[in-house]
Every structure is written in C-alpha cells, then in structure tokens.
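With chain A fixed as given, assemble chain B onto it according to the hints.
Going down the list, the sequences are from chains A and B. The opening residue of the first sequence carries number 1389 in the working numbering; numbering runs sequentially from there. The opening residue of the second sequence carries number 238 in the working numbering; numbering runs sequentially from there.
Because the hints were derived from the structure by calculation, they are not lab data. Remember, it's a predicted structure, so these values are computed and weren't measured experimentally. Glycine included, every Cβ here is placed at the ideal spot set by N, Cα and C. Just to be clear, a hint being listed does not mean it is correct.
[Claimed, not checked] Derived Cβ-Cβ restraints for the label pairs, each shown as a range:
(1) B:Asp292 with A:Ala1390: 26 to 34 angstroms
(2) A:Glu1493 with B:Gln294: 14 to 22 angstroms
(3) A:Val1438 with B:Tyr291: 22 to 30 angstroms
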Amino acid sequence: NAGVTQTPKFQVLKTGQSMTLQCAQDMNHEYMSWYRQDPGMGLRLIHYSVGAGITDQGEVPNGYNVSRSTTEDFPLRLLSAAPSQTSVYFCASSYLAVLAEKNNEQFFGPGTRLTVL
Amino acid sequence: AQKITQTQPGMFVQEKEAVTLDCTYDTSDPSYGLFWYKQPSSGEMIFLIYQGSYDQQNATEGRYSLNFQKARKSANLVISASQLGDSAMYFCAISRSAAGNKLTFGGGTRVLVKP
Chain A
1389 NAGVTQTPKF QVLKTGQSMT LQCAQDMNHE YMSWYRQDPG MGLRLIHYSV
1439 GAGITDQGEV PNGYNVSRST TEDFPLRLLS AAPSQTSVYF CASSYLAVLA
1489 EKNNEQFFGP GTRLTVL
Chain B
238 AQKITQTQPG MFVQEKEAVT LDCTYDTSDP SYGLFWYKQP SSGEMIFLIY
288 QGSYDQQNAT EGRYSLNFQK ARKSANLVIS ASQLGDSAMY FCAISRSAAG
338 NKLTFGGGTR VLVKP
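In isolation and in its complexed conformation, chain A is listed as follows (with noise of 0.2 angstroms):
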C-alpha cells in the first residue's frame, strides 16, 4: 500500500516550457486534489477531482490543467511555465465527504519541488 505517490520529486524548468506532474493514489479514493505551498505560506487549492471524468478549479487554477480518467491517477500539467509558478506541490487524495462533518482526513504525497527560471 503505497498511500499517495508523486513524481518528479524535484523539477527545474524554463520559462515557456510545459510538464506534467504526476500523481496516484491506491486507496480507491474517489476525492483528488493539487496544491501549491509557497515559501511560508500555507497551502491553496489548485484543482480537484470528485471522481473518474470530473474535474473543478480550486482557489487558484489559472495557468494549469487537469484531467482523470481513472480513479488512481490525478495528472497537473503547466501549460507553460512562468516564474510564479516556482513552488511546492501536493496532491492528496481521501473519500468523498458529502458533508463537511465527517472525517474526511486527505492523504497527502510527499509534493513536488518545482522550480521556474
């Protein structure tokens, strides 16, 4: 039981230039989400998914997509990277809480350093 798994572990990239980071999760969780931590901040919602096919932007989703197509995999793509971009990204996974009152705990990966030049 691997838990959440992201690859790369760290990326450096130029400014243009497009990735994909890649996130699985084998818990059979139906909730998947991407955040960026950046430097002394606490972390904002980039996207997140509800199930295989369905997708919504969080709090902060300009300049990336994303996509799922199946329950395991949550893939984040730059479109084309910008300095601003430079941070730390967690994707994290839990079951689906139709209510805020239950216990919802999200799983997070061990993120993804990136670097934008």
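For chain B alone, kept in the frame of chain A given last:
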C-alpha cells in the same frame, strides 16, 4: 468565503511542556470541519486531529487535543508534553459544508521545541 487565521508565526516551547497553537476561522457555513496538519522539515503533511462543527466534545488524539470554542470561532491545538520531534510547521484548515473535501488552510505556525 472561508478564512483561517493563525496569528503566531513562530513559537518556542521547552521540552515536556505544553503548547497551544491558535486558530481562528471565519465561515458562514452552518456545518464545517476543522483539521490540524503537521509539516516537519522533511516537507510531508501529516494529519493530526479533526473537529466537526456539531461535535459536542473537544477532539483528542494522544498528546493532541483541540480547544474548540464555536461561538468565538476558534479551534486551538494543544500539544501536551512536547517532544523534540514536535518541532515543525502546524497548519489549521477548514472544510466547507457544501464540499466537504475542499480545504482552506491558514498560514501556519512554526514550533521549535528546546531541549
């Protein structure tokens, strides 16, 4: 919109003592969940404790407890008997009633445990 405020950017605590980390929130949702996560220097996010807005009792998980004051919209984390391994960033987060999985995080508090 929801908002989480953690007013303590950094704290020192002596080993074996207790420490309280402040978290206040702003939401108009009738039901919500509050979470605390720990982020050590290695970077991973570790779930610590959860409190539902309708829970009558304060949540506890081992050395972690939550001082939940709904009327004051605060959910302070108490770590008892601090250990050197407790040195980390701590984040408070809130989930929305209409989308129970979407989390809004505070800016975090850095705790350094002194031997």
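Which numbered hints fail: none
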